[in-house]
Amino acid sequence: MKKTMFAAAVAATLALALTGPLAAQERGGTLKFARYDGSKLVDPIYAERNPDIWMVGSLYSTLLERARDGSGLTGALATSFSQSSDGKTIDITLRDGIRFSDGSPVTAADVVFSLDRARNPDLSPWAGLLGAISGVTGEGAKVTITLSRPDPTILSMLATFNTAIVSRAAFEKAPGATDQEKSAALFAAGGPGAGSGPFYLSGFEQGASMSFKANPYYWKSGADGKPLPYLEGVEFQIIPDDATRILKLQAGEVDIAEFIPFARIAELGTDPNLKMELFPSTRIIYSPINTRATRADGTPNPLADKRVRQALNYATNKEALVSLVLHGAGAPMTSPLMSSSTPMAVKTDPLYGYDPVKAMELMQEAGFAAGTKIKLTTLAGSADDATVFAALQQMWTAVGVELVAEQVDSPTRGAKNRSGEFDIHTYGWVDDIADPSQVVGWLGHTPTAKAVGTGWENKEFNELYDTAAAEMDPERRAAHFRRMQEIYAEEAPLLFMYETPFAVALSAKVTGYVQTPLGANVFEEASLQR
Amino acid sequence: MAPLRYLLNRLLLLVPTFLLVMVIIFLLVRLLPGDPAIALLGDKASDAELAAFRERLGLNAPLATQFMLFVSSVLSGNLGTSLMLRAPVWDVILSRLPATIFLTVYSVSLAVLIAGPLAFVAALNRGRWPDTVIRAVFQVGLSMPVFYIGLLLLTFLAAQLRLFPVGGYGKGLADNLYHLFLPAMTVALYTSAILMRNLRAAIIEVLDAEYVQFARAKGLPLRLVLGRHVLRNALISTITLLGLSIGNLMSGTLVTETVFGVPGVGRLMLDAIFGRDYALIQGLTLTFAVLVTLVFLMTDLIQSWLDPRLRLS
Numbered sequence: 001m002k003k004t005m006f007a008a009a010v011a012a013t014l015a016l017a018l019t020g021p022l023a024a025q026e027r028g029g030t031l032k033f034a035r036y037d038g039s040k041l042v043d044p045i046y047a048e049r050n051p052d053i054w055m056v057g058s059l060y061s062t063l064l065e066r067a068r069d070g071s072g073l074t075g076a077l078a079t080s081f082s083q084s085s086d087g088k089t090i091d092i093t094l095r096d097g098i099r100f101s102d103g104s105p106v107t108a109a110d111v112v113f114s115l116d117r118a119r120n121p122d123l124s125p126w127a128g129l130l131g132a133i134s135g136v137t138g139e140g141a142k143v144t145i146t147l148s149r150p151d152p153t154i155l156s157m158l159a160t161f162n163t164a165i166v167s168r169a170a171f172e173k174a175p176g177a178t179d180q181e182k183s184a185a186l187f188a189a190g191g192p193g194a195g196s197g198p199f200y201l202s203g204f205e206q207g208a209s210m211s212f213k214a215n216p217y218y219w220k221s222g223a224d225g226k227p228l229p230y231l232e233g234v235e236f237q238i239i240p241d242d243a244t245r246i247l248k249l250q251a252g253e254v255d256i257a258e259f260i261p262f263a264r265i266a267e268l269g270t271d272p273n274l275k276m277e278l279f280p281s282t283r284i285i286y287s288p289i290n291t292r293a294t295r296a297d298g299t300p301n302p303l304a305d306k307r308v309r310q311a312l313n314y315a316t317n318k319e320a321l322v323s324l325v326l327h328g329a330g331a332p333m334t335s336p337l338m339s340s341s342t343p344m345a346v347k348t349d350p351l352y353g354y355d356p357v358k359a360m361e362l363m364q365e366a367g368f369a370a371g372t373k374i375k376l377t378t379l380a381g382s383a384d385d386a387t388v389f390a391a392l393q394q395m396w397t398a399v400g401v402e403l404v405a406e407q408v409d410s411p412t413r414g415a416k417n418r419s420g421e422f423d424i425h426t427y428g429w430v431d432d433i434a435d436p437s438q439v440v441g442w443l444g445h446t447p448t449a450k451a452v453g454t455g456w457e458n459k460e461f462n463e464l465y466d467t468a469a470a471e472m473d474p475e476r477r478a479a480h481f482r483r484m485q486e487i488y489a490e491e492a493p494l495l496f497m498y499e500t501p502f503a504v505a506l507s508a509k510v511t512g513y514v515q516t517p518l519g520a521n522v523f524e525e526a527s528l529q530r
Numbered sequence: 001m002a003p004l005r006y007l008l009n010r011l012l013l014l015v016p017t018f019l020l021v022m023v024i025i026f027l028l029v030r031l032l033p034g035d036p037a038i039a040l041l042g043d044k045a046s047d048a049e050l051a052a053f054r055e056r057l058g059l060n061a062p063l064a065t066q067f068m069l070f071v072s073s074v075l076s077g078n079l080g081t082s083l084m085l086r087a088p089v090w091d092v093i094l095s096r097l098p099a100t101i102f103l104t105v106y107s108v109s110l111a112v113l114i115a116g117p118l119a120f121v122a123a124l125n126r127g128r129w130p131d132t133v134i135r136a137v138f139q140v141g142l143s144m145p146v147f148y149i150g151l152l153l154l155t156f157l158a159a160q161l162r163l164f165p166v167g168g169y170g171k172g173l174a175d176n177l178y179h180l181f182l183p184a185m186t187v188a189l190y191t192s193a194i195l196m197r198n199l200r201a202a203i204i205e206v207l208d209a210e211y212v213q214f215a216r217a218k219g220l221p222l223r224l225v226l227g228r229h230v231l232r233n234a235l236i237s238t239i240t241l242l243g244l245s246i247g248n249l250m251s252g253t254l255v256t257e258t259v260f261g262v263p264g265v266g267r268l269m270l271d272a273i274f275g276r277d278y279a280l281i282q283g284l285t286l287t288f289a290v291l292v293t294l295v296f297l298m299t300d301l302i303q304s305w306l307d308p309r310l311r312l313s
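These protein sequences, in sequence, are chains A and B.
Our numbering numbers the first residue of the first sequence as 1 and each following residue consecutively.
Our numbering numbers the first residue of the second sequence as 1 and each following residue consecutively.
Since the hints were made in silico from the structure, they are not lab data.
Even glycine gets a Cβ: it sits at the ideal position worked out from N, Cα and C.
List of simulated lysine to any residue pairs, SDA-like, C-alpha gap at most 20 Å:
id : chain 1 : residue 1 : chain 2 : residue 2
1  : B       : 44        : A       : 125
2  : A       : 450       : B       : 51
3  : A       : 275       : A       : 30
4  : B       : 171       : A       : 202
So the derived list for chain B, only partly shown, Cβ under 7 Å to chain A, looks like this:
id : residue
5  : 39
6  : 151
7  : 263
8  : 276
The shape of chain B in the complex, shown without the other chains:
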């Protein structure tokens, strides 16, 4: 019964979180100078045209009225209509979300595939040359901006060696995997550097713990010790970090999507902000909030599975 209550509690906590997100985003977009009328009708529109447009969109109504309208329509499952794209916000988000989710999952998978084994190699060879080399290479990856890594990969692997396409999304799963390899790799290189450092430190810490020393002294084979004791315990902090990274990745896809021409929600968010498309900004922020919260929730659940002490507290 305890795990279910734990889950319910966590889900209930989401209600005030979302309310807060709605209030903040609603106010923030309206605090920006320049409004949808100016952004949409453009510099060439006359003052009269702008005024008529504002009236038509209800932008002249008091903020409280606008907010109640926003909340009530969200509660009835309607995110409104994008002014910029003249289409329902939810439809627009749905058409662009798969690319971002695909890219995020792809990047995280690559990052885990890179960071996991290398962290073990580094930790088990602590202070010796494999450890030094691995840490040095990742340090370089960490210190370069993401867009720069992206452009380097594009220039060498795509434009010169023609191994991958220069940007785009592709059609169908295989084509998506092929098109998104470079952007996913760009993000993965950065994320894996952070994961690797953390996982390496955690493994070293666990390796030094008495229960591990005891298990080894008992004569358990190294493979079993690593799999049963070290990995499980070292993962606890890394899973938290991974969860946080996914949250960052979701909102940080903007740069990668722009450099690689991937039609995802990161780029859509940027367009929406420059277009002062209130409904679209609100819809996107809520979607991000839901996704990030889900990732955090999953992180908590995995953690409590890995570490029963968390469930008890």
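The shape of chain A in the complex, shown without the other chains:
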């Protein structure tokens, strides 16, 4: 029942997001937004953390963008784009009359400058995503991108935050010796000119607040035929405490509060002054299982046997976890490698449904000694992780596992993941690009990240991943990803857990605000009833 309610809520939210604003839009007003964490540097190529990445699209436009209905890519700063039959050349024509927020024109030179910056591995941590690009040239309104090898993700990349277009002139004028210093100086100074997104940065106080003002030259038009955005501006306040963020919304001091704890969703949904939105996301919560033959301390690792890993998955009642941790606002994972919103996700429902009998059989087959201790490493201070531990401890007792907890902070967990000093630990993921290659590389491809630190290695999987990376035929590529998901489900290097939406509470006066499945905060069509 809860799952149906969740599905209905997601569907309603999606429908709202797709249909967009219907009636004549109210214009003006400044939207106040309470964030859980602040931005540090919103620059397409230096944005590393979600609070930065998710704001890039508000200040900078990309060449292409994902169609609102999810059907594919459409032009943004570009009006047309084409890829040669060998996949190694992309021709792009820029939109007529596009301008940066200070009124200066966006030219091919800006595009060349921006893409060269983005693919420079000395500058950007994201340069690897553009590794296939060997050159970018441009003149007038035409830009040509040449590739050293065909890359099926390249068009998607041109709709991704790290390839957003920045003004070359603004960078040249900015003080500083290096690109990094110039970027920091531009961000610190704020004001129009650096980007051509719906807004420009008008104020920033590190750790406290940030404000955006509408870009009068934004290239996109609203439902009323006039340029977007509808709002005059957006003001962000950083309120890390969940309860305080909600109180601020209830007191009418802000119009939107993000990252609402799942336990509060039902209560806020009944408040007539508020709207509770569950935006579909690519966020998955899972737990990597150490698959190495021995543990870090040299003792034999019972989890190296795939039957034990399968048994733990069968012994886990995911529906119960969803209701305990997410209070019903989520669903068990249906693809072993990605969220159900990620392109090419295979939906297996249920993926390891709760089956304690089968779990016990597998444990016996594997010769698992009852009472064996397994350690679950969780995040200290995380209420969700504490609940997960308590639930798993109880569920797994039935199959003879004595689950013990270890609590650490996030960097420690990261270090343990890399060194293999763990049995099982909680983890989460949100896609940064609208393509499965990133998450699949992270979770399963051994050379990328030791299959999310599990040490799992599968030759067929790795070969399929490498083949898919150069496969230009969409159907064949999807088939490769399908097979990878089959292998991964069978091998179970993870405890497959659940996916969660982005829970956002809004004042009833706000319409048109969207958080995309990748997490980006989109204000361009948001409006405020006054």
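For this one, chain A is given, so just place chain B on it according to the hints.
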């Protein structure tokens, strides 16, 4: 000459204190598992990227070399650059310190304003109902965690009655006072409970002292006895406690700043630790050490002014 020598001695003692603080904090942050590379580049970074980042930051150099570099840059007045915020540590601290100092001074002032008069009322009515009521109310305040008091005040006074804003810092002095009233009150309620108990006990003790009995027997008016003899003597131990409380408050602002969304150094410290931002953690700890030491020094000076015996010893 004696007071000046006393001050100089105290100041000289600060040098080994700071050296010790530097060594401890330098080693402690490096003993934490997980390093700045993992914290900053995030889980998605490859091993090669992490290695290159560590090399660039000099994290692969021997600890002794890193420590000498740290000490020499601190001595030349440079606290380094925050990795997380890509800005000079000192600039970052300066931008966030005023909110914390403001909050601390505000809380202490409120605490003294609450605790002082009530301690006198309780002590002078020892064992009677005003004493019992005051002590009972403060006992409740003491037994509740600070974040809980904060949330209660926020829910009733800010969200429901709309008397105060829900969190934030505000701009300009009046706005700061208005925005920080609830967080300051939250801290003050707790601190005043401790101060009140101590001051009440001290007043009672002094009231029982022979010199006070004598002064009263001599026929001095109660107001004069209280002001000239009781307050001055009762304050000695309370000032020590107040100094210690300020030290605790400075480092304990973390909870209040998080609950009330105040952009101070407490929250910055938490971010720095989770971000394994070595330079920022070191800079913040040194700043805290300087501030707390200054508060303790002032406490000592006030005490030696109140109690000349301390100067002689």
